[in-house]
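Number of protein chains: 2
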Amino acid sequence: MDIKTYMQSVGRQARAASRAVAAASTDAKNKALLAMAAEIRTRQAALSAANQRDLEEARANGLEPAMIDRLTLSEKGIESMALGLEQVAALPDPVGEMTDLKRRPSGISVGKMRVPLGVIGIIYEARPNVTADAAALCLKSGNAAILRGGKEALHSNQAIAECVRAGLAAAGLPEAAIQVVDTTDRAAVGELITMPQFVDVIVPRGGKGLIERISREARVPVIKHLDGNCHVYVDEFADPAKALAIVENSKTQRYGTCNTTESLLVDAAIAPAQLPAIGIMLAGKDVELRACPASLAILRTAGVADAQLKEAVESDWSEEFLAPIIAIKIVAGLDEAIEHINTYSSQHTEAIVTENYTRAMRFLREVDSASVMINASTRFADGFEYGLGAEIGISTDKIHARGPVGLEGLTSQKWIVFGDGQVRS
Amino acid sequence: MDIKTYMQSVGRQARAASRAVAAASTDAKNKALLAMAAEIRTRQAALSAANQRDLEEARANGLEPAMIDRLTLSEKGIESMALGLEQVAALPDPVGEMTDLKRRPSGISVGKMRVPLGVIGIIYEARPNVTADAAALCLKSGNAAILRGGKEALHSNQAIAECVRAGLAAAGLPEAAIQVVDTTDRAAVGELITMPQFVDVIVPRGGKGLIERISREARVPVIKHLDGNCHVYVDEFADPAKALAIVENSKTQRYGTCNTTESLLVDAAIAPAQLPAIGIMLAGKDVELRACPASLAILRTAGVADAQLKEAVESDWSEEFLAPIIAIKIVAGLDEAIEHINTYSSQHTEAIVTENYTRAMRFLREVDSASVMINASTRFADGFEYGLGAEIGISTDKIHARGPVGLEGLTSQKWIVFGDGQVRS
Numbered sequence: 001m002d003i004k005t006y007m008q009s010v011g012r013q014a015r016a017a018s019r020a021v022a023a024a025s026t027d028a029k030n031k032a033l034l035a036m037a038a039e040i041r042t043r044q045a046a047l048s049a050a051n052q053r054d055l056e057e058a059r060a061n062g063l064e065p066a067m068i069d070r071l072t073l074s075e076k077g078i079e080s081m082a083l084g085l086e087q088v089a090a091l092p093d094p095v096g097e098m099t100d101l102k103r104r105p106s107g108i109s110v111g112k113m114r115v116p117l118g119v120i121g122i123i124y125e126a127r128p129n130v131t132a133d134a135a136a137l138c139l140k141s142g143n144a145a146i147l148r149g150g151k152e153a154l155h156s157n158q159a160i161a162e163c164v165r166a167g168l169a170a171a172g173l174p175e176a177a178i179q180v181v182d183t184t185d186r187a188a189v190g191e192l193i194t195m196p197q198f199v200d201v202i203v204p205r206g207g208k209g210l211i212e213r214i215s216r217e218a219r220v221p222v223i224k225h226l227d228g229n230c231h232v233y234v235d236e237f238a239d240p241a242k243a244l245a246i247v248e249n250s251k252t253q254r255y256g257t258c259n260t261t262e263s264l265l266v267d268a269a270i271a272p273a274q275l276p277a278i279g280i281m282l283a284g285k286d287v288e289l290r291a292c293p294a295s296l297a298i299l300r301t302a303g304v305a306d307a308q309l310k311e312a313v314e315s316d317w318s319e320e321f322l323a324p325i326i327a328i329k330i331v332a333g334l335d336e337a338i339e340h341i342n343t344y345s346s347q348h349t350e351a352i353v354t355e356n357y358t359r360a361m362r363f364l365r366e367v368d369s370a371s372v373m374i375n376a377s378t379r380f381a382d383g384f385e386y387g388l389g390a391e392i393g394i395s396t397d398k399i400h401a402r403g404p405v406g407l408e409g410l411t412s413q414k415w416i417v418f419g420d421g422q423v424r425s
Numbered sequence: 001m002d003i004k005t006y007m008q009s010v011g012r013q014a015r016a017a018s019r020a021v022a023a024a025s026t027d028a029k030n031k032a033l034l035a036m037a038a039e040i041r042t043r044q045a046a047l048s049a050a051n052q053r054d055l056e057e058a059r060a061n062g063l064e065p066a067m068i069d070r071l072t073l074s075e076k077g078i079e080s081m082a083l084g085l086e087q088v089a090a091l092p093d094p095v096g097e098m099t100d101l102k103r104r105p106s107g108i109s110v111g112k113m114r115v116p117l118g119v120i121g122i123i124y125e126a127r128p129n130v131t132a133d134a135a136a137l138c139l140k141s142g143n144a145a146i147l148r149g150g151k152e153a154l155h156s157n158q159a160i161a162e163c164v165r166a167g168l169a170a171a172g173l174p175e176a177a178i179q180v181v182d183t184t185d186r187a188a189v190g191e192l193i194t195m196p197q198f199v200d201v202i203v204p205r206g207g208k209g210l211i212e213r214i215s216r217e218a219r220v221p222v223i224k225h226l227d228g229n230c231h232v233y234v235d236e237f238a239d240p241a242k243a244l245a246i247v248e249n250s251k252t253q254r255y256g257t258c259n260t261t262e263s264l265l266v267d268a269a270i271a272p273a274q275l276p277a278i279g280i281m282l283a284g285k286d287v288e289l290r291a292c293p294a295s296l297a298i299l300r301t302a303g304v305a306d307a308q309l310k311e312a313v314e315s316d317w318s319e320e321f322l323a324p325i326i327a328i329k330i331v332a333g334l335d336e337a338i339e340h341i342n343t344y345s346s347q348h349t350e351a352i353v354t355e356n357y358t359r360a361m362r363f364l365r366e367v368d369s370a371s372v373m374i375n376a377s378t379r380f381a382d383g384f385e386y387g388l389g390a391e392i393g394i395s396t397d398k399i400h401a402r403g404p405v406g407l408e409g410l411t412s413q414k415w416i417v418f419g420d421g422q423v424r425s
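Note that the protein sequences, when read in sequence, are chains A and B. Numbered per my numbering, the first sequence spans residues 1 to 425. Numbered per my numbering, the second sequence spans residues 1 to 425.
Since the hints were made in silico from the structure, they are not lab data. Treat the hints with care, as some may be off.
If several chains are the same, the list does not tell them apart, and a pair holds so long as it fits within one copy or across any two.
[Said to hold, decoys possible] The calculated lysine-lysine pairs, modelled on DSSO-like cross-linking and capped at a C-alpha distance of 30 Å, are: (1) Lys242 <-> Lys102; (2) Lys310 <-> Lys242; (3) Lys112 <-> Lys102; (4) Lys4 <-> Lys208; (5) Lys242 <-> Lys112; (6) Lys112 <-> Lys208; (7) Lys4 <-> Lys151; (8) Lys76 <-> Lys208; (9) Lys310 <-> Lys208; (10) Lys151 <-> Lys76.
Build the full structure now, drawing on both the sequences and the hints.
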């Protein structure tokens, strides 16, 4: 069977299964999720063996250590897949929720009902645990899913897929509700993203290159997460202790996450007073400071070593460093801060530190990013911290879903009308 | 200037203006809308003259009467454009609305704020009043807009555009907030739908051909309205009087609208009892009945004239007739009705007529369409009837906006976080 025929068959089966999953009861979906978790625990040895095969091939192919790390499924990793499935089972079912009912002058009552999107295509890279996580979120939100993992993780993904299928079967749900593509042919991705008749939305999880390519070529809507060039703006009226703590946490708690701050903006009025302590704190943690001329002068005077200071260049304002590097700019005030962010940010997450109410509210309203915060660390931009219970990704789009995407982002709302024989006049 | 350069310049100006409009106060936006309405009334003679020029050219080019009709701007039509602007001014401003605030264990409060999408591209055909309607909805929802009307309406649209610009200027808003493309070159549409750096969403309004072409070629999300193949299902437990009234209104109140019913499904158990009256009512209004063999037999026995009866063919189940024609099928019960609708419907609007609670709720939940109704006419699927106050179109998509799209559909929600110095642990 050629790839096109194979993917069309996968798509057709997913579309058919999606109706059964959309109509499935909360009980059936939870039963499937708990059965999947039990299967994963029961088959732990088989999962380890499959993962071992992937790891041997990866080492033979000379994959880099970071990739090997993401590919590795430890005993603990297997247990957390099972726990993750159980956590999703415990979340409220979003499907069928009726809201916003209003009675209209015609006598009908109009409202909305939350419904699944249909078939979701997930495209990801080396991490095999995404197979279980994505399966859980798609199923609980009443969607069928087509999962396409990285070729490095093929055996691990297939072993997890067996547990998923067993769980679906245990709950009497169609096994085609969650399909894991079992070819490593890259053409499968090209087919998956160009079958609007079978796939309603694509969620790519991976590097910026993968996501840009998929967005460019897809004929299906894509919920995409590009980069996270997050900002903290320390306003003229910032509390110095809060500013120091928020910059420290936003930049240095973890360097590799998308909600890590990459640029610091400081109001000129308090830069001489507040920037020294911030600079010394960052330098003490071996963060490289790429500073504008004005902040460079303040940081030098404050005693930050030249080895950790560098004059910022234009490209630093747009860069997602994902490393112990921060860009620093002194701005004339709130207007320049907002203008700078709306120009250079990737519209992921930005925070202001201020005690001034009006400035805080202007920042909240005028900054055009998926998450905008007052006096809090950008590291909070996360599905779990926001209370979504789980997260399929963080969207930097504006259409449909913005910011952390949980079960709700995998659903839509239809209009519902309750009448008693009304007709339109 | 070539078309690409021209459209890029329009796009760049729209993007810049969109920030000012997003931050504009409700007062400023309403002031602009009311000033636009006043300009339209003041310049009524000039608008009529511009429209007359378009009409003369249209007649010279031999445009069909229906197109001439859509192009015509009567005195009454000009007054209703002005009234429409005033109605949008009177609607609540959706921008900045904060909802769903919840306190999290970390101490932060997380919620959502409604925000404009940015720049909206509207592509439409002959009706010049869309220029004023779309301008009003985009401005009130805090968006910049690029409007591209049909070439037949060029002079009318430019005359309306002058009123729009005068209104923006009167409120101190940038004139580039609403731009009307002033070239008739079709390449302008191709450029508009492939500038994701300047345009956030495209709303096409027009025939299915236009919308399909735009959806296929766009590199920007499209809120699309394809066809309306709406269904009424008369269930075994239907109240006969309600069934008759709802079928009559759904099919015959207006034949050319997208929420008109095109297919009637009747439960086999009550078809012999209820279909005769429905068939005679429809035949009495000169509606052609394209019936499945079983319904054909009942209708013949009931005395419906052969001239109005035709055996349905497969393509009738998918057809949007937009005419006094209805497809009729007898189904074995609710399951077959839902299966038929989910197979053939364009997912616009469907209604069940039943007194049975469980069947009504199953229909509501399992039918996968933008609007699903119990005991009400499909003709209610409309932004005004739903209480949206105005409507930019009806979406048959599932992503972002579904069904009638009002001001809310032209906005998104960002996450907002209120903290007091919290950092993530």
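Results for each hint:
1. In the homo-oligomer, the alpha carbons of Lys242 and Lys102 lie at most 30 Å apart only across protomers (22 Å), although the nearest pairing inside one protomer, at 44 Å, exceeds that limit.
2. For the identical chains of this complex, Lys310 and Lys242 are intra-copy neighbours only, at 26 Å inside a copy versus 77 Å across copies, given an alpha-carbon limit of 30 Å.
3. Proximity of Lys112 and Lys102 under a CA criterion of 30 Å is satisfied in both settings, with 10 Å inside one chain copy and 22 Å between copies.
4. With identical chains, the CA atoms of Lys4 and Lys208 are at most 30 Å apart both within one copy (26 Å) and between copies (28 Å).
5. Within a single copy, Lys242 and Lys112 get their C-alpha atoms only as close as 42 Å, which misses the 30 Å cut-off; across copies the closest is 24 Å, which meets it.
6. Taking the closest pair of Cα atoms, Lys112 and Lys208 come within 30 Å of each other only across two copies (27 Å); inside a single copy the shortest separation is 35 Å, beyond that limit.
7. When the C-alpha separation of Lys4 and Lys151 is checked against a cutoff of 30 Å, the pair qualifies only within one copy, where the shortest distance is 18 Å, while the shortest distance between copies is 41 Å.
8. Taking the shortest alpha-carbon separations for Lys76 and Lys208, only the intra-copy value of 29 Å comes in at or below 30 Å, while the best inter-copy value is 54 Å.
9. In this homomeric assembly, Lys310 and Lys208 come within 30 Å of each other (Cα to Cα) only inside a single copy, at 26 Å, whereas the closest approach across copies is 57 Å.
10. Taking the shortest alpha-carbon separations for Lys151 and Lys76, only the intra-copy value of 23 Å comes in at or below 30 Å, while the best inter-copy value is 65 Å.
Checked against the numbered hints above, the structure violates none of them.
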